[in-house]
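Novice: Please build the complete structure, drawing on both the sequences and the hints.
Chains as they are written, first to last, in this note's numbering: chain F, 1 to 164; chain Z, 1 to 169.
Read the hints as simulated data drawn from the structure, not as lab findings. Given the structure is predicted, the values throughout are model-derived calculations rather than measurements. Note that CB positions come from ideal geometry on N, CA and C, so glycine has one too. A couple of the hints might just be wrong.
[Said to hold, decoys possible] Just the calculated beta-carbon pair ranges, DEER-fashion:
| hint | chain 1 | residue 1 | chain 2 | residue 2 | range |
| --- | --- | --- | --- | --- | --- |
| 1 | Z | Ala10 | F | Arg69 | 27 to 33 angstroms |
| 2 | F | Val49 | Z | Pro44 | 45 to 51 angstroms |
| 3 | Z | Pro150 | F | Glu37 | 50 to 56 angstroms |
| 4 | F | Ile160 | Z | Ala99 | 19 to 25 angstroms |
[Stated by the list, open to error] Covered, in the sense of this in silico footprint (three residues per stretch, anywhere, with C-beta under 8 angstroms from a C-beta of chain F), are these stretches of chain Z:
| hint | region |
| --- | --- |
| 5 | 20–33 |
| 6 | 52–65 |
| 7 | 82–88 |
| 8 | 102–109 |
| 9 | 115–127 |
[Stated by the list, open to error] In the DMTMM-like style, the derived pairs of lysine to aspartate or glutamate whose C-alpha atoms are separated by at most 25 angstroms in a straight line are:
| hint | chain 1 | residue 1 | chain 2 | residue 2 |
| --- | --- | --- | --- | --- |
| 10 | F | Lys97 | F | Asp126 |
| 11 | F | Lys97 | Z | Asp119 |
| 12 | F | Lys159 | Z | Asp127 |
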Amino acid sequence: MSDIKILEREVLFAVEGERRPRSLTLPVDITATDFLERVVALTGRTELVEVLIEDEEVTIQGDHILFERIVVDEFKLVHVATEGKIKVEVTFNGKTKDTGFRPSATMEKIIRWAMGAFELEGEPADFQLKLGNEVLAAGQHLGQIAECKKTVRLNLVMKIKPQG
Amino acid sequence: MELDEAALRADMTSAAFRLGVYRGQWEFVRIRFPLVWFRIPKPPLKPGPTSFLLRVEATGYRGPLTAQLWDARTDQALAPQLRPHGAAGLLPAFSAWSACLYHPIDRLARSHWPNQFDDLAWKPGDDIVTFLEAIHALIHDPAYLQSTAPTEAAELPAEPLEGYSSRVA
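Specialist: Put into structure tokens, the structure is as follows:
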């Protein structure tokens, strides 16, 4: 049996309004509140007030130990966000539907919702979301591509497979 | 160390690159610049090897990259009959038309579709993460049915990458 005690771990996390994830090495017993304070100090953005797990609807309570809330067997990215949801307007074949998502929602989650809203068959991987002309990766968080706006307009398209 | 190699090594220690590792999208195997090898898992619940080996050629990075599925046993491109297949045969991105991917993101293939597929091509600001995300999506295409490649084809011994963290949550 090992006597080695891990005192610190690195957390990968997204910040609403930033494309690239960040990382911090933190005490293993840090609370969500203390983690949030570190991120606010790091970014200088006092409007960041919520800590979310990818695709979850409920924020992590401030007194919860951050690393105890991170699922180990299926990696999920932590997201530090401003308050509330982002309105997403998705257009497909000229029709538009909208709903609200947490900033930690992945593009895959939004595609699944849109497939239901537009009554589309197939698999989420048959589709992709575009922001303007940019194809968005399935694992990207809404808050990473929303440029700090609270309304985002996306286009849902079938994946194109270039042929000869 | 030249700038292109330094940039690639730096990007492979970034949080964005490690995010892909921890999501199980790719695994760094080794680097012999300008060549670098990764493993990309097959789609879950579908027949095939555990992973595919990808050899990337990165001269001039952060400019566009070129790559091929690779066979560690022969140190050659993976034979076409062993590559990912769908109902209509080889998945188009892995067809045997040339020594690269058949996709606009590959720098050797890009000129095959002049003035087309700008959204799928390499753009300023793209990096190794963009490239690997695209190839992961090509392998995980719902059209993937099977590959007859043996798992040993991707078994190239992994080497540590300097600056890499393994205690990420």
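Novice: Does each hint hold? Answer for all of them.
Specialist: Status of each hint after checking the structure:
The supplied range of 27 to 33 angstroms is met by Ala10/Z and Arg69/F, whose beta-carbon atoms lie about 31 angstroms from each other. At roughly 37 angstroms, the beta carbons of Val49/F and Pro44/Z sit outside the given window of 45 to 51 angstroms. The supplied range of 50 to 56 angstroms is met by Pro150/Z and Glu37/F, whose beta-carbon atoms lie about 51 angstroms from each other. The hinted window of 19 to 25 angstroms between Ile160/F and Ala99/Z holds, with their beta carbons roughly 24 angstroms apart.
Here the region 20–33 of chain Z counts 4 residues with a CB under 8 angstroms from a CB of chain F, which clears the bar of 3, and the coverage holds. A stretch counts as covered by a chain when three or more of its residues have a beta carbon under 8 angstroms from one of that chain; for the region 52–65 of chain Z and chain F the count is 0, and the coverage is violated. Interface restraint, the region 82–88 of chain Z with chain F: violated (0 residues with C-beta to C-beta distance below 8 angstroms; minimum three). Judged by the Cβ-Cβ criterion of 8 angstroms, the region 102–109 of chain Z is covered by chain F as claimed, because 3 of its residues qualify and three suffice.
Beta-carbon proximity to chain F at under 8 angstroms applies to 5 residues in the region 115–127 of chain Z; the threshold of 3 is reached and the given coverage holds. Only pairs whose Cα atoms come within 25 angstroms are accepted, and Lys97/F paired with Asp126/F is accepted, the gap being roughly 19 angstroms. Annotation: proposed proximity of Lys97/F to Asp119/Z holds, straight-line Cα distance about 24 angstroms (limit 25 angstroms). Proximity of Lys159/F to Asp127/Z is assessed by CA-CA distance (about 21 angstroms); at most 25 angstroms being required, the pair is judged to hold.
Hints 2, 6 and 7 from the list above are not met by this structure, while the remaining hints are.
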